[in-house]
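Enquirer: One-letter residues, chain by chain:
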Amino acid sequence: MASLSYCNENIYCIDDFELAVKKLRKNNSYKDVDELLISSLKNKNIDDFKNKGTNLNRSQTHPYVKLDVGGRSGFRLYYLAIVHEGSVYLGFIHPKTGSKGSSNTVNDARSELMSKLLSAIKSGNLSKVDVSGLKLSFVKKVP
Amino acid sequence: MSTETSEILRRIRGAVSHESFEKRSFKRDIEELLVNVTDDDLDSINTIRGRITKSTLHIEKCCEGVQQLSWQLPNPSLKQLEVVNDIIVLGRSISDMCDDLIDSLKSLWSNGVINAEIEHFKEVMDHWEEVLDDAEAAFFTLPADNNFMQTNGELELL
Chain A
1 MASLSYCNEN IYCIDDFELA VKKLRKNNSY KDVDELLISS LKNKNIDDFK NKGTNLNRSQ
61 THPYVKLDVG GRSGFRLYYL AIVHEGSVYL GFIHPKTGSK GSSNTVNDAR SELMSKLLSA
121 IKSGNLSKVD VSGLKLSFVK KVP
Chain B
1 MSTETSEILR RIRGAVSHES FEKRSFKRDI EELLVNVTDD DLDSINTIRG RITKSTLHIE
61 KCCEGVQQLS WQLPNPSLKQ LEVVNDIIVL GRSISDMCDD LIDSLKSLWS NGVINAEIEH
121 FKEVMDHWEE VLDDAEAAFF TLPADNNFMQ TNGELELL
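Heads up: the protein sequence lines correspond to chains A and B, in order. Taking the numbering used here as reference, the numbering of the first sequence is continuous, increasing by one, and the terminal residue is 143. Taking the numbering used here as reference, the numbering of the second sequence is continuous, increasing by one, and the terminal residue is 158.
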């Protein structure tokens, strides 16, 4: 039974995230990216986005989180949650291993990403992320 | 420091300290077990397998504990930060010991013995290093970054 407290309708992303997912889909090594993301995002309430991964800004109300998705050979996902809105803003995802794999994100990039998330939220330059299908779909939000 | 927070820090520091102690004795025991070990010496191999599996589980628990600190300590005091720093320093020393440990197990993994357990152990140790880097970022590096803190201040107003 659907719960009103699920965040499904309040998941957004910035362009960097959408582009990263679309690039990963083209690579056979990362074909599970949609499945892993959907299992991490779908039918979760806002508390499910808290207390997991590392809370990089240690905020209780607006946590900026780095979360491992898909275990050791999976992906690093960065998102911002605004707890009182029940909203989640996806910032970036990158694989840990494989041809596009990379080491841990440097702090300058994390800082820049948080700044991009803030700008996008303020300007409304976001896409709504639909988690109801087998793949994520993105619909540009009308500001 | 509140009793609850103090307890959380004490518990995680205790777990990391314990793992550090375990690693020292583990390396010593492994070196003894590996003297004249043969393929038929299943007891020794199974003992090593068991120690590796146990150690892997402990490190996974330490990973969760250290990640949780970023949620449990929103406004750490100086004293709390000192304990977090101790945990990170001690954690890094475990990583160094594990690199040596994996080297000392070379005679096994290079011959395909208990490869899966050693491979998993290495993956967990890589994750442990990343968790420590992230904790250092959350408690020390990012709070010292003016741009990050300014953005964070603006975010909190949303």
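One or more of the hints may lead you astray.
Stated by the list, open to error - Below 25 Å or equal to it, Euclidean Cα-Cα: the simulated SDA-like pairs (lysine to any residue) are: (1) B:K106 - A:K44; (2) A:K52 - B:K54; (3) A:K31 - B:E123; (4) A:K52 - B:E60; (5) B:K61 - A:G74; (6) A:K52 - B:E129; (7) B:K122 - A:V139; (8) A:K26 - A:S119; (9) A:K50 - B:E4; (10) A:K26 - A:S123; (11) A:K44 - A:S5; (12) A:K50 - B:K54; (13) A:K52 - B:E156; (14) A:K141 - B:E123; (15) A:K50 - B:A15; (16) B:K122 - A:D32; (17) A:K52 - B:T3; (18) B:K61 - B:N85; (19) A:K52 - B:E136; (20) B:K61 - A:K122; (21) A:K50 - B:R11; (22) A:K50 - B:A144; (23) A:K44 - B:E82; (24) A:K52 - B:D133; (25) A:K50 - B:D145; (26) A:K52 - B:K106; (27) A:K50 - B:T3; (28) A:K52 - B:E7; (29) A:K100 - B:D133; (30) A:K52 - B:E82.
Everything labelled a hint here was simulated from the structure, so no lab data went into it.
Enquirer: Taken at face value, is the distance from the CA of A:D32 to the CA of B:K122 at most 25 Å?
Expert: 24 Å, holds
Enquirer: Quickly compare the C-alpha distance for A:K52 and B:E82 to 25 Å and report which way the hint goes.
Expert: With Cα atoms ~23 Å apart, A:K52 and B:E82 stay inside 25 Å; holds.
Enquirer: Just to be careful, I want the Cα atoms of A:K50 and B:T3 compared with a cutoff of 25 Å; is the pair within it?
Expert: 23 Å, holds
Enquirer: Against the 25 Å threshold, does the CA-CA distance of A:K44 and B:E82 hold or violate the hint?
Expert: The given pair, whose Cα atoms are some 35 Å apart, is violated under the 25 Å limit.
Enquirer: Has the given pair, A:K50 with B:A144, been kept, meaning a C-alpha gap of at most 25 Å?
Expert: 24 Å, holds
Enquirer: Regarding the pair A:K50 and B:D145, is the alpha-carbon distance no greater than 25 Å?
Expert: Within the cut-off at roughly 24 Å; holds.
Enquirer: Tell me if the straight-line CA distance from A:K50 to B:R11 falls inside 25 Å.
Expert: 21 Å, holds
Enquirer: Are the Cα positions of B:K106 and A:K44 separated by 25 Å at most?
Expert: Outside the cut-off at roughly 44 Å; violated.
Enquirer: With a cut-off of 25 Å on the C-alpha distance, tell me whether A:K52 and B:T3 pass.
Expert: 23 Å, holds
Enquirer: Is A:K26 close enough to A:S119, meaning Cα to Cα at most 25 Å?
Expert: Violated, because 29 Å separates the two Cα atoms, which is more than 25 Å.
Enquirer: Between A:K31 and B:E123, does the CA-CA distance stay at or below 25 Å?
Expert: With Cα atoms ~22 Å apart, A:K31 and B:E123 stay inside 25 Å; holds.
Enquirer: Given the hinted pair A:K100 and B:D133, is their alpha-carbon gap at most 25 Å?
Expert: Cα-Cα ~21 Å, so holds.
Violation of the numbered hints given earlier is confined to hints 1, 7, 8, 10, 12, 14, 20, 23 and 26; the remaining hints are satisfied by the structure.
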